[in-house]
Amino acid sequence: MMSGLEGKVALVTGAASKRGMGHAIAVQLATDGADVVVVDKIACPRSIWPGDENWGGLDEVVSEIEARGRRGLALTADVSKAADVEAMVSRALDVFGKIDILVHCVGVRGPVPVPVVELDESTWRMLLDVNLTGAFLVLKAVAKTMIPDGEGKKIVVISSQAGVEKYPGAAGYCAAKHGLNGLVKTLAHELAQYKINVNAVSPGAVDTNFRDESLIKLAQEKGISVEEAIKLPPPGPAGGGGMPPIPLGRLGTPQDIADVVSFLVSDRASYITGQIIGVTGGL
Amino acid sequence: MLLKDKVAIVTGGAKGMGRSIALKFADEGCHVVVADIDQGGAEAVAKEARGRGVGALAARCDITRTPEIEAMVSQVLKEFGTVDVLVNNAGGVPGTGGSGNSETITEEEWERIVTLNLKGPFLVTKAVLPTMKQNRSGSIIFISSMGAVSPVVSVLHYHSAKAGIIGLSLNLAFELAPLGIRVNTIVPGPVETPFWDSLLPPGPEREAFFEALGKHEVPLGRVGKPEDIAGAALFLASDLSSFVTGQTLCVAGGLPMMSQRAVFNIEGYLKERGIL
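Here the protein sequences come in this chain order: A and B.
Per my numbering, the first sequence starts with residue 18, numbered consecutively.
Per my numbering, the second sequence starts with residue 17, numbered consecutively.
Bear in mind the hints are in silico, worked out from the structure with no lab data behind them.
Derived list of chain B stretches under chain A, where covered just means 3 residues or more per stretch with a C-beta under 8 angstroms from a C-beta of chain A: (1) 190-197; (2) 236-242; (3) 247-261.
Restraint-style ranges between C-beta atoms, simulated for each label pair: (4) Arg152/B <-> Val181/A: 27 to 33 angstroms; (5) Gln91/B <-> Gly86/A: 44 to 50 angstroms; (6) Gly199/A <-> Ser90/B: 49 to 55 angstroms; (7) Gly266/A <-> Gln91/B: 28 to 34 angstroms.
All C-beta atoms in this analysis are idealised placements derived from N, C-alpha and C, irrespective of residue type, glycine included.
Assemble the whole structure, with the sequences as input and the hints as a guide.
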């Protein structure tokens, strides 16, 4: 456990999915001592996983934060809409007075695999809107509030290995995440003068609700139930022979990502900025 | 306590980043082995570590000599029974005056510096692997250098060896991941350590140099401290990084690892002042 965030306020976007990284990150930051604002587009997204039927979404995440003796606040916002983002930031400031830590975790991959020649324009635009423009809007709005008293404030963006490598069958997502890494490196340079650290975590294959949409598609294609689809090995790139083996021999967990975020927002990482940190199990 | 009751070997632990890493680990409940050619310096750091309530061992060890490495590792196993973390921190440019280019470096000097900075870390790693393989766990940390990929001063042999470290680390990560052993490399930016002593002895001139370097070159506006590197080493040694292997972590205050643009000409600065 990396403690030492007592008195700090964190805002975590994309935090409503039960099996999501944002959920794990929000709870970890509360464990580390921070009060946490949790945000998502839908307060209680449904999960296709058996046993998740009673998941309470953001409210349940807030309960978990409060169970750790910290304050929590649930907000809904569509990060691709500037007005939503502005409202989110001003509500967080109204309640907590400041934002010390931003973890921007919102991301959508869309159904995969869909090759570029079959990818429709509206899906492409949606993927760039949410993954890239959404990040721009959130980082811009929160960074502005951090600048006047910047020292020790932290921004962490959850990117993806798709931000540094090809991702056949997910070109929109891949292009957006490449752009996101460029945004992170540039913002890190711009905010360094205020002693604000900006980094990205670059997860490899992690077992989250992220795969839900693809699992539904897979179930439809194979004529099997979603429960059966969950048990199949994850599909590989379009036309490929499945996922490359992960050297550490397992999928990542949301907690693996939360642990790395816990380090990056701590004083121990104060000389690390502008970095894209791979959390991939060796890929 | 991120490393409670773990056992870590830190080579080059008597001073600079190594000392800071050893003490940071001790703060987190880790038993530490301070391995160094400077026995007295190692003893002093081990004593400081013991003051933090952990076991500590000072071991004289020249990492270019297999018999000394093997003796050190067996001493560690006798004392602590295992090795969980190895920090391959020892290295440097002794006897070179801190510079060297394709004209000035002799074959003998090339051999000596590359052996110290590339072969040495390999030999120490090789010596701890039987224990880590038996445990089916372990974290190995290498220390490279920005100069390996973005040179701003001419230290050809040293930087070549440090580039080799990145390859060694990636390949070991690939080989050892199925056995549960993680391997990562830290790439420090400019850090104020005794490493600079051969180039610039401590004093006002050195202070001015670090201030100018931090201000002009580093986005965060300062050169690094040994503690900055120790924080990153702690992360890579601990379970916080349990899904992290084969990574090259740049701890450089915002300097990009691959930069063809040196805003601050260190070599020019030093030459202007008659230091180089």
